[in-house]
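With chain A held as given, fit chain B onto it using these hints.
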Amino acid sequence: MRIRTARRRTAVLALLVAVFSLAVAGLAAQSPEAMPTATEILDRARGAWQGDSFHAVVSVEVTLAGQTKVHVLEVWTLGSDYALLRVLEPKDDAGSGYLQVGDKLWYYSPLVGGSIELPSMAIGDTLFGSGPSIEDLALGTLSEDYDVTAEAIDGGYLLTLVPHPDAPVVYGKLELTVTSDYAIERIVTYDQRGGVLRTATFSEVVEVDGQKLPTRIVVEDASGNRTIQRITNAEYNLNLDPSFFTLERLEGAE
Amino acid sequence: MNTTTLRMAWRNLWRHPQRTILMIAMVAFGSFVILILWGITDGFLASMTHSQVAQNQGAFQIRAAGYAEDPVPSSGLRLDDLVRIEAALAGLRLRATAPRLEVYGMIRSAYGSDGVTIRGVDPTREPRVTDLQDSLTAGRYLVGPGEVLLSAQLAADLDVRVGERVVLLASGADGTTSQAFRAVGLFSSTVTELERVALVSIVDARALTGWGGVTALAVALPPGASTSAAVAHARELLANQSEAEVADYFGLNPLARLMVQGSTIKMIPFVVLISLLVGFGVANTTFYSVLERTREFGVMAALGMSRRQLARMVLVESVFVSAIGFAVGGSIGYGALLYMARVGLDLTPLMAGFGAELGIPTVIYASASGLYWLAALSVVVFTALVAAWYPARRANRLEPVTAIREG
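Chains A and B, in that order, give the protein sequences. The opening residue of the first sequence carries number 406 in the numbering used here; numbering runs sequentially from there. The opening residue of the second sequence carries number 29 in the numbering used here; numbering runs sequentially from there.
Chain B extracted, bound-state conformation:
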């Protein structure tokens, strides 16, 4: 390909600036839409993951092997196991660890009762792993035994206020045990699971369940550390401790894996659809621009330009259009994503409160880190190559004499 073809293609484009700009806008819009939608979807999943990790479960957890099949305290880790595990994890670069003892039970107030997960935590170690203490809407965080931290939602359902007494019931070693707790604080979280979690001191959880061990060791990583690398490292370090298993984010949230896979799969037909729409739009315009120029092409062919060169010129025109469209749409799209990743898209006025009830964050942060441009590029490739193929083929089959006569 010589520069003449490129220059001719470029000049041809700007003989009809309106038409060219329209085509560029179509490609730009297609790329932009794909980028934005993918970025928001991923950002939504990422912020859900982030809330889960930061408020609920930590980057990953060490549990007893088999705990997931029978999640009761007695299938948890014994204290001597825990000591060995913590010693083994010393080789890992982590921010903090916190032991937990969880059991299903009931909460009762004067106004009602509900099922809850009673989560026994160490009041000094837990805040270094999860930051629920930053999401308090009333009262304060746990300090010692006899205190309970509830979600604002559960407290509203049971009409409990800070300072009032509730009773937690759990299945202990011999029958149901119950204990009085004073609600010291309420928190608000977008993690739906936390709505039915009552945080108490691990000392109380041990008294309620009659189990001296823990059900999980939650681990937090330093900022920026790779979770998957840390999980792999932790698995390596605990390889010879068969009683323990490392549960990563997806291990702790089997549904989340489906959601992530599902959202990627859902995006594929969407990308194909947008590519087709933009592709046919551009193909249509290119096709007419070729039809229009039949006579001109005939003259060019008569002057000695080969049909192959003509076809190439038509292709190059559509490549120019696509490339410029992609550059424009991509930069606007990434700009918007970066803005939304930092500032967020505040849907609060739209959602009017119900978003929080559904556990949906009302401020959506987009993700700009993915390789979404690859998906957006499919628009470009489709447009440039496939959509321009038919017009280019027509140019390629041009008979100069017929073209001049008919055109």
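Chain A extracted, bound-state conformation:
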């Protein structure tokens, strides 16, 4: 059972990295005179956060098949290449965590007493068996894999992303609702039959160090499973450098 849990959790780290890099709206959002192109909107929405450091405590409430479980995690990230995640709650998992350096991923648990390198393919798993998978939110290859079209709607833009026929994407299309100051409000994922697969809603935007951060992210899938992430104690620009992200730190040895 532990292995299964580990595999499912693997997604958390990369997911969080993805969410933060995605949800932070570009700072220098100029008031648009003419409507920007779809790609411009997307790029701005993805933000200029890359390369910056971030630290926060995140509570993840997972409702899976009617059962709700809360995980509290502490997370540090640097750009998209470095991330460290430690489980604070539940108690029986406390102290375990994940470390990502580039494409490599490790899992540590005090119960195991050591770190295990996880196969990079495990990143494709969904968060706690519910909610979005990495691919949904990493959006790193969005402009390569999708055709993006935009239309102006009340209070912002609606972006429609349709994957190229040969793109390694399993979805029919994505719809992103972006506010006029380029904060993503909602991502609706459709399957290939036009049905809604899941909806991610970003709300309770606060300003941290001059950056807009949605502190409540709700992901609901078609079968009624739901994850709610709440971000607290968020800080940016911590002067972290890559040497912070070591196996020793993952294992709690500092």
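Derived from the structure by calculation, the hints contain no laboratory data.
Only part of the chain A face toward chain B is listed, based on derived beta-carbon distances under 8 Å: (1) D508; (2) D571; (3) V574; (4) V575.
Residues on chain A that point at chain B, a partial pick, calculated with CB under 10 Å: (5) P568; (6) H569; (7) P570; (8) A572; (9) P573; (10) Y576; (11) G577; (12) T594; (13) Y595; (14) D596; (15) Q597; (16) R598; (17) L602.
Beyond 10 Å from chain A on every Cβ pair, some chain B residues (computed): (18) I64; (19) L120; (20) V171; (21) L402.
Glycine included, every Cβ here is placed at the ideal spot set by N, Cα and C.
Positioned in the frame of chain A, the structure of chain B alone reads:
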């Protein structure tokens, strides 16, 4: 032994037709049960083997030596090796060969992901080796790159329909590679292993793995050809190609060898048990028929029949019973096996779908080609010789005067 003994034994038997028929029925039933059970067990294994060969792996495969220890593409055969191997195999009478490139990976749909064996095949050569194209439940067979053929089971698990897109992930030369594929067809097979196999064009498999060679060359033989002879011949032809090895059915399915051996071993106590049951049943009846005839035997002995002749007569009676029982049980048994070998025993109403889930064929074909009659004969031998021994011994020790007085 003279014909008088035979005639007397025969007539003795039909003095009590009901009893004799009962004994014959016991032997017949014993032989019948052994034949049927052995035939069905073997037939079951044979149909499993047949599905494996016909749908999954071909009669045998040529692999790189050492591939089994480290089954990753890079320990497969290089293309120039393959060319030499195919040239060497030209001396073999075979139906077709098909190159394959297999790698473990993952499949993702919008609804989930699962581990799969990604099997790169040549869409034109593969159908001549395996007949999966005859087991399609939806769509069509592979034609070219960018297409994937999935088992109906896997497609249901991942909620994939024909025409939809899935992503396959594999470990390539530098990290994980992924590619989009369109599901063009779904197949249904009783081979459990195939449930988690995704068939793609070998061109795509090469792109995913970054390996230009193959992991196996699957070989199909003409109908009726002996696989073991062909394997031996292929080994001979490839004797001076140390990079290649011939993997036969058991080499490809180490578990199957255990299953076949296990089922033979399991049959032995069964045969012994049936022999004992039938043997004691017949012995019991024969024994009473001898007890009953004590006085008669005494008279016969007094008239000059030797004790040895008496004992022989009793033995011959049980040999008659066993031989007739064997003939009856054997012919009914073989008749039933031949019928089941051709028509099959349809267990679909009994299994109600779960048989397919367990990978068990729902129509069981018996095998009638084995030497099961040898096993069934053990019933006969046991009955005729061992079970009749005690009554015959009693007849042999008969004292005419005592027998007449007591009987």
